[in-house]
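**Q** Sequence:
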Amino acid sequence: MHRFTIGVVLLVAAVSAIPVDNNVEGEPEIECGPTSITVNFNTRNAFEGHVYVKGLFDQQECRNDEGGRQVAGIELPFDTCNVARTRSLNPKGVFVTTTVVVSFHPQFVTKVDRAYRIQCFYMEADKTVSTQIEVSDLTTAFQTQVVPMPICKYEILNGGPTGEPVQFATIGQQVYHKWTCDSETVDTFCAVVHSCTVDDGNGDTVQILDENGCALDKFLLNNLEYPTDLMAGQEAHVYKYADRSQLFYQCQISITVKEPNEECARPTCAEPQGFGAVKQANQTAQFFRVLKKRSVEAMENVLDVRAELTTLEVLEGDLPASLRSSAEALVASTEYDSFGQGFCVSYFAVSIATLVAASMLLMAILMTYLIVSRLMIHRKEQSAC
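All letters in the sequence shown, in the order written, are residues -17 to -1, 1 to 368 by mature numbering (1 follows the signal peptide of the UniProt record, and there is no 0).
Simulated from the structure, these hints should not be mistaken for laboratory data. Note that the coordinates shown come from a computational prediction; the quantities given were computed from them, not determined experimentally.
Heads up, simulated DSS-like pairs for lysine-lysine below, C-alpha to C-alpha not over 25 Å straight-line:
(1) LYS201 / LYS223
(2) LYS241 / LYS75
(3) LYS223 / LYS136
Assemble the whole structure, with the sequences as input and the hints as a guide.
**A** If you want it as structure tokens, here you go:
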């Protein structure tokens, strides 16, 4: 009886990437000052990289390159480096927000780097001044119930008013700009959206809704529709700045008390023309005031809402629907995965692994065939005997 022996040798080469030997230790230390935000990071080893505001690495005032210590940080004044300031009515005050990146390599973003969204809240204080007086007659007890102000948000949805929020979109993609306010009471407040701007995060600001809530450029955003007392929206197509992919929207919402048995007042706007958006000058705030006096006669409260969108530049035809989700996932991976853990496999390695697997399968089939053939021959020889 003949014996067939087949040997397969599989060589596996393991390649280990060497990350930067440093990282952030613990949570960042945030100091919310009267005119600036200061962020400090403790590092495991001496820091030799950069701390900068996301998207503004090229601006020296928005980047800190100091190294040599196990502490890295940056101080950001409120009126620089695209620091966002949004007023809130519930809770009443001002949110100051920015995104800071800690990069440990002098030239590149690597897997050990981190991005932090920093937010400080400055609450407005309501002071009640009272005096004491003695009254001999019977006095009346007063009971007051405070109705909380609505909480508002600005979203950019995919397709229509019931779509999912989008952070990444392609040029020309249909989206829906939606402003909503949530209130604990019914038929109590009215909301009007106005004074909307869009900027690229680098000071190039364009106004798309005026102070009355009327659209300025029909190609960017048409006049808003108000389905309910506390909701506004309008469809639009995605656009972008020539050299920047990010869009930062900011609008103001005026909240007023609704009169009994009356409809909410809405802006009366003419049909907007094309190319009417107004480019605003880059104005530097003289001084940031957290406590802002509001007009008592106006009898209205104004708050700020923001939304962000990153645009994929696809100019040669529309991106197929089957690839749009993949493109969004790719951009999301590029934006955030560089700060996490992971590994990659080259196409050559995948090809070699596939070839080895196919060869092993073919050899297994051949071995099975030879063994079965040998058994059949052996049975015939026994039958003949």
